[in-house]
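Student: Once you've looked at the hints, dock chain B against the given chain A.
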Amino acid sequence: MPKGSKVLLLGNEAIARGAIEAGIGFAASYPGTPSTEIVEALSEVAKEIGLYVEWSTNEKVAFEAAYAAALAGVKSIVTMKHVGVNVAADILMSSGYAGTNSGFVVVSADDPGQHSSQNEQDNRWYGLLAHIPVVEPWSPRSAYKLVKAAFELSEKYKHPVIFRSTTRISHTRQPITYESDMVKPKVKGVFDRNIERYVLIPAHGRKLKRIMMDKWNRISEEEDREPFIEVLNPGCKRAIIASGIAFAHVMEALDYLGKKEDFTVLRVSLPVPLPKKPVINLGKDVKEILVVEELDPIVEMQVKKIFHENGIDTLVYGKEFVPINGELDLETVYKAIKAFLGENPDETPWNPVSPLELEPPIPPRPPVLCPGCPHRSTFYIIKVSANKAGLRNPIFTGDIGCYTLGFQKPFRTQETSFEMGGSIGVAHGLSKTVEEPVIAVIGDSTFYHAGIPGSINAIYNKGHFIILVLDNYYTAMTGHQPHPGTGVTAVGEPTKRIPIEDILKAIGFDTYVINPMNVKESIEKVVKAFKEFKEGRYVAIVSRMKCALQAVRKARKMGVKLPVYGINPDKCTGCLSCINLLACPAIVVPEGEKKPRILGELCAGCGLCASVCPFNAIEVVRKGDPEWIKAWM
Amino acid sequence: MITMPRFNILLAGVGGQGLLTLGALIGNAAIEKGMDVTIAETHGLSQRGGSLVVHVRLGEGASPLIPKGGADVIIGLEALETGRYMVFANRDTRVFMNEFLWPPPLAKAPRLNDLIKEISKRAKLYTINANELALQETGLVVTANTIMLGFAIAVDEKLSELIDIKTVDKVIEKTFRGKAKELNKKALWRGYREGQARVR
Chain A
1 MPKGSKVLLL
11 GNEAIARGAI
21 EAGIGFAASY
31 PGTPSTEIVE
41 ALSEVAKEIG
51 LYVEWSTNEK
61 VAFEAAYAAA
71 LAGVKSIVTM
81 KHVGVNVAAD
91 ILMSSGYAGT
101 NSGFVVVSAD
111 DPGQHSSQNE
121 QDNRWYGLLA
131 HIPVVEPWSP
141 RSAYKLVKAA
151 FELSEKYKHP
161 VIFRSTTRIS
171 HTRQPITYES
181 DMVKPKVKGV
191 FDRNIERYVL
201 IPAHGRKLKR
211 IMMDKWNRIS
221 EEEDREPFIE
231 VLNPGCKRAI
241 IASGIAFAHV
251 MEALDYLGKK
261 EDFTVLRVSL
271 PVPLPKKPVI
281 NLGKDVKEIL
291 VVEELDPIVE
301 MQVKKIFHEN
311 GIDTLVYGKE
321 FVPINGELDL
331 ETVYKAIKAF
341 LGENPDETPW
351 NPVSPLELEP
361 PIPPRPPVLC
371 PGCPHRSTFY
381 IIKVSANKAG
391 LRNPIFTGDI
401 GCYTLGFQKP
411 FRTQETSFEM
421 GGSIGVAHGL
431 SKTVEEPVIA
441 VIGDSTFYHA
451 GIPGSINAIY
461 NKGHFIILVL
471 DNYYTAMTGH
481 QPHPGTGVTA
491 VGEPTKRIPI
501 EDILKAIGFD
511 TYVINPMNVK
521 ESIEKVVKAF
531 KEFKEGRYVA
541 IVSRMKCALQ
551 AVRKARKMGV
561 KLPVYGINPD
571 KCTGCLSCIN
581 LLACPAIVVP
591 EGEKKPRILG
601 ELCAGCGLCA
611 SVCPFNAIEV
621 VRKGDPEWIK
631 AWM
Chain B
634 MITMPRFNIL
644 LAGVGGQGLL
654 TLGALIGNAA
664 IEKGMDVTIA
674 ETHGLSQRGG
684 SLVVHVRLGE
694 GASPLIPKGG
704 ADVIIGLEAL
714 ETGRYMVFAN
724 RDTRVFMNEF
734 LWPPPLAKAP
744 RLNDLIKEIS
754 KRAKLYTINA
764 NELALQETGL
774 VVTANTIMLG
784 FAIAVDEKLS
794 ELIDIKTVDK
804 VIEKTFRGKA
814 KELNKKALWR
824 GYREGQARVR
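If you're matching them up, the sequences are chains A and B in order. For the first sequence, counting from 1, position 53 maps to 53 in my numbering; every step adds exactly one. For the second sequence, counting from 1, position 127 maps to 760 in my numbering; every step adds exactly one.
Chain A extracted, bound-state conformation:
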């Protein structure tokens, strides 16, 4: 869409568009909620404008690749979720020392409230740690503009910039008017050799640290201007300093309070390093300040330091009133401001109705494995096989992906889940210390991401545990991005497939590949594998079947109908084995009935329920078209 168009964009799409307008020629990422749609959006237009885009195997590699492009003079962006920055932290720290030659922006999409993450770390800390400035938008629209400003900042100081988004910016839509057309980017550069700058031996590092600290100080002295910082309604006795999305909440809360005229508001979009001058000026003008920011008191801490160094005794409040846990919203901020004013925070303009009185109460609805999900079959197969092979009471170490949902009943095949690739290292440690057999359960994309070093370590250090890789051809949870086992790149070009079993075999595992749609045959294979494991061999299993969502999608595209299963009420005894063993969302017990029913419009036709029913009561009620199995391949 050309300049001037008004488009409803997701925050992540806005970041992508801004980056294109800034002239990026290179983008790399590893998918992770809430960051994924940035590079998805970029990959859609990559060929059209000649932009290079890739899904890398992990965030560290993505960072290194994008950083190298910027060193060669090609503007680049690397995007990841907040915990992805932990994976890339090593190179992040070095990038501050060596600086950049062209605009280089690291997008960290944080997840306050933990909608889809193992923690809610505040990645503005990384800016302080690495001496890299952090730009923080307050809305999708401001993200669109600020990402361009972030590139300018990076170019000006020849320094990386962290662009910190959050779930409620990345995954909120807002109308955005394009300020420029998409530009054909510069994609080729030159690597000017400079050993003293690019080889971080201690002698070079010490010199580079001084250069970095000089830039750091200059940024906090000089960047005290829009769009990074803005003073609204100056001259009041009280002020609010609001960073990132907190600014949006504060403005609406003040509206509701009818106190827009009573507060000076300092909008901060460069929380790290906090520009000094506007903060000092504000401190001299006002009597007391409330700092409103999500998660940790990064800005509050710096305000207090700046005041202390400049002999300003204005009172500064923050986390006394603003929660440190979870995400902020209009209501929380409204209450925080009320409390700051000494008023009753519970008096709000909103009067929710009383809770519904229901028996039984509304049950929680956590995310579940989809109908037809091959992970469900694999978990069933593994548990049955462990029983048959006499593998007693196995401990299942787990990982990050859709299959993490296996922690739930009835599977319980995820008993740890800490970080990407963790299943294997944790299994190794347990295998050395506990009596029970240990099974590390890891997804395909996660295996490529961080599972390989752990697998090598297992053989090298004689860790005796089983590795189970769940291969559904995609990075499924984040929306089916391709990975090294898919056979295509981010822009859909065919590429060499790297089969997981080949890697495991090369490392030294006896590797079994199963198709979880063939339940009986798989159980036989896995029982054999488990028996070999008990005899002391190193065993790995790759369970391979396409993600059901993709199979259903492909069937629709091919115009073929998948088979649909139904429950024959004459044969069904209402034992509920199907539900209790599989927890498939397509199988329900209708209100007031005893026997389960299959919701035909949800059934993906995998047939697992038919193979577990002890009474053979589950049958095909609508045959699939002749070609249907091709949809699953």
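Derived from the structure by calculation, the hints contain no laboratory data. There's no promise every hint is true.
[Stated by the list, open to error] Restricting the straight-line Cα-Cα distance to at most 25 Å, the calculated cross-link-like pairs of lysine to any residue (SDA-like) are:
id	chain 1	residue 1	chain 2	residue 2
1	B	Lys757	A	Pro360
2	A	Lys520	A	Glu501
3	A	Lys561	B	Gly772
4	A	Lys557	B	Glu790
5	A	Lys561	B	Val774
6	A	Lys557	B	Val774
7	A	Lys188	A	Val199
8	A	Lys595	B	Arg744
As the structure is a computational prediction, the values presented were derived from the model and not from experiment.
Tutor: Structure of chain B alone, referenced to chain A:
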């Protein structure tokens, strides 16, 4: 045109029911009408058959979440999820609910009638069986989302002042292609007719 306070529409349902599409439809209709809007979505893990809620806020401002008790309209594509998010309703909230109760696997759920009774005690409730209507009209259950929007617009005067049915029709024309365009239009108008019959 609205400035302050913003008009809040909460969309509730189960992942896969087309809530994000519904949110984008309303958002694009807002653009057509020259209104500002934010739509807070949920992506990632919770889309896998989990409870899903989308906050649509019409009018100037960038704070994306509706306060508890702050919804003007709730559109619920599934009964348990409508009940779950009643915390966003106040006495004046209009609740439009699909008469479809989908219990999560392995869980005991309250009955549809009890939910209807409890919700009607607290707010203005309008229900239709959008799944059945969708199957009749388009053969696709997933079009229940557009049926619910047409229904709500026909019944709710304030909503239709902001987002009228013709604008939504125009947005479907612009944003959908081929068969999806035709089916969504049919669903929208079917829901609208059901709603008109209700208020007459």
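Student: Please go over all the hints and tell whether each is borne out by the structure.
Tutor: So, going through the hints one by one against the coordinates:
Under the criterion of a C-alpha separation no larger than 25 Å, the hint pairing B/Lys757 with A/Pro360 is consistent with the structure, at around 23 Å. Under the criterion of a C-alpha separation no larger than 25 Å, the hint pairing A/Lys520 with A/Glu501 is consistent with the structure, at around 21 Å. Taken as a hint, the A/Lys561 and B/Gly772 pair is honoured in the structure, with Cα atoms around 14 Å apart against an allowance of 25 Å. The hinted pair formed by A/Lys557 and B/Glu790 fails the criterion: a straight-line CA distance of about 40 Å is larger than 25 Å.
This hinted pair checks out: A/Lys561 and B/Val774 have alpha carbons roughly 16 Å apart, not beyond 25 Å. Distance restraint check for A/Lys557 and B/Val774: the Cα-Cα separation of roughly 18 Å lies within the 25 Å cut-off, and the hinted pair is therefore satisfied. About 23 Å separates the Cα atoms of A/Lys188 and A/Val199, which keeps this hinted pair within 25 Å; it holds. Proposed proximity of A/Lys595 and B/Arg744 is supported: the alpha carbons are some 17 Å apart, at most 25 Å.
The structure does not agree with numbered hint 4 stated previously, though it agrees with all others.
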